[in-house]
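Protein sequences appear in the order of chains A and B.
For reference, each letter of the first sequence is one residue, going 10 to 257 in this note's numbering.
For reference, each letter of the second sequence is one residue, going 176 to 477 in this note's numbering.
Check the hints yourself; a few may be wrong.
[Unchecked claim] As a list, the in silico PhoX-like pairs of lysine-lysine whose alpha-carbon atoms are at most 25 angstroms apart: (1) A:K24 x B:K347; (2) A:K142 x B:K347; (3) B:K192 x A:K145; (4) B:K347 x A:K251.
FYI, nobody ran anything at the bench for these hints, they're computed from the structure.
Keep in mind it's a predicted model, so treat the numbers as computed, not measured.
So you can see what is in the structure, the chains are spelled out below.
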Amino acid sequence: MVNEKVILVENLTKKFEDFTAVDHISFDVHKGEIFGFLGANGAGKTTAMRMLSGLSMPTSGKAMVAGFDVYRENEKIKRNIGYMSQKFSLYEDLTVRENIRFYAGIYGKSSHFIKEKTELVLDELHLTAEGDKLVKSLPLGWKQKLAFSVAIFHEPRIVFLDEPTGGVDPVTRREFWHMIYEAAASGITVFVTTHYMDEAEYCDRVSIMVDGRIDALDTPQQLKKTFAAISMDEVFLKLARKATRAGD
Amino acid sequence: MTAVKINNVVKTYGKKKEVTALSDISFSVSKGELFGIIGPDGAGKTSLFRILTTLLLADKGGATVDGFDIVKDYKAIRQRVGYMPGRFSLYQDLSVKENLDFFATIFNTSVEENYELIKDIYSQIEPFKDRKAGKLSGGMKQKLALSCALIHSPSVLFLDEPTTGVDAVSRKEFWEMLKRLKEQGITILVSTPYMDEASMCDRVALIQSGRILSINTPKGIVETFGKKLLAVKSNDMLRLLHDLKQCEEVQDAYPFGEYHHAVMKSDGRQELNNYLLKKGYGFELRETEANIEDCFMQLMKE
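For reference, chain A alone in the conformation it holds in the complex (with noise of 0.2 angstroms):
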């Protein structure tokens, strides 16, 4: 792993008048890194992933992704970045090329990159066939790993993964992660935040927010002994326990 740093956050903090949503996290993200974002409902992750996607402004600290400052250059680290979520993640009554030819039309891609691509992508995902198909008639599963695929297709330096597998089967969920070890591989970053602790142990580090603070962060291994846990779900119960604050 090339150790350059693409996310690189000090004591970042955002109030909403005087609730602390994000209170002084600091952290460094490498490049190829699959980092995971994790930590309780109403911790201030979303909060926390919406500023270094340059959607919301900090109220102080600083933050510098895909080398990019988030208070003046947001527009570039948009550019820069890819997102994915489980809830908005394709348009339904556009055909999948029709879905691939818009996002990376909104990146700026030419006709000829994204004519290409769009064939090694549907390849890799065995779904030519279905390329000219409406994306709504497709299986939940492939629609994630599609939406996964437009995500990178613009070839981001980041990705943002915001509870990608929620509600797949546990089939398809090792299959989507094998893409992103294979995003990964690539040098492409990934920042992912999930509810299933067994996708932790899968990330290069991780990360655990409590009432607004990073209260924990490190590979899987050593977060385990720190905590003398057996498993990430136990360390995640030890953290996430003393919580206040309550859920989103």
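Chain A is already provided as a structure; the job is to place chain B on it using the hints.
Then chain B, alone, in the frame of chain A:
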């Protein structure tokens, strides 16, 4: 005593019935049972719940709830079931107290009359009783929705994915609440996409693409796995997975948290050990017991 009996229910959607949501589902739930319906999105869980709560008609087949027919006696069923849909469906502009009063009034009862039943859950949100429901946190909304579903003292409770998108701590708390409700004699049918929640149920139905894969106690399901299962880890998990998949003795291999699981064709532990030794990297190999997720994947691939 049977609380819910489902006979050959079929449900399709679309003009040409091209989408099969439920294909020939049959099972029964006993009175007082905590019964889990476990499967991914799109398995047919919500369709089944909507049919049983008389909100949707099946194409074929029938069912009874508390002895009443879901078509003929739909009014009687609506009086005696509680239903918590997957999507928050209370009135966002009414306060916590107003929502609860509203549901009590509709069922010709009062909050006071059934307070004992909801006390355990409602007392946790009572300090916020004047807050508008739309302004509650996710966890509090869930508790209010459950209180509203219980306020008329239903005999059967249907909870559609109450823990989806909920963190691991809140999920555990929710299941503890359900266990206490069960002790009060209420039959509970609960659906979930989280396989690890199966262990909290008396019995579970594993469901996928509108078909029941298996119905049993959590222990019973695990016992039917019937194959030797090995847990393996090394410093290079990606390479290990690839190697496991290439091994003659291995029927199936997949990541499973910290380890990979290798489902063996027969015994084969010694053979796998030798095979991995030849690969020349350090590894740890041990026997393990299948859990519900292993079983679900095995059944999916059959």
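Consistency of the hints with the structure:
1. A:K24 x B:K347: Given pair K24 of chain A, K347 of chain B is violated - Cα atoms ~30 angstroms apart, limit 25 angstroms.
2. A:K142 x B:K347: Measuring from Cα to Cα gives roughly 41 angstroms; hence the hint is violated.
3. B:K192 x A:K145: holds, 16 angstroms
4. B:K347 x A:K251: holds, 15 angstroms
Against the hints set out earlier in the document, violations occur for numbers 1, 2.
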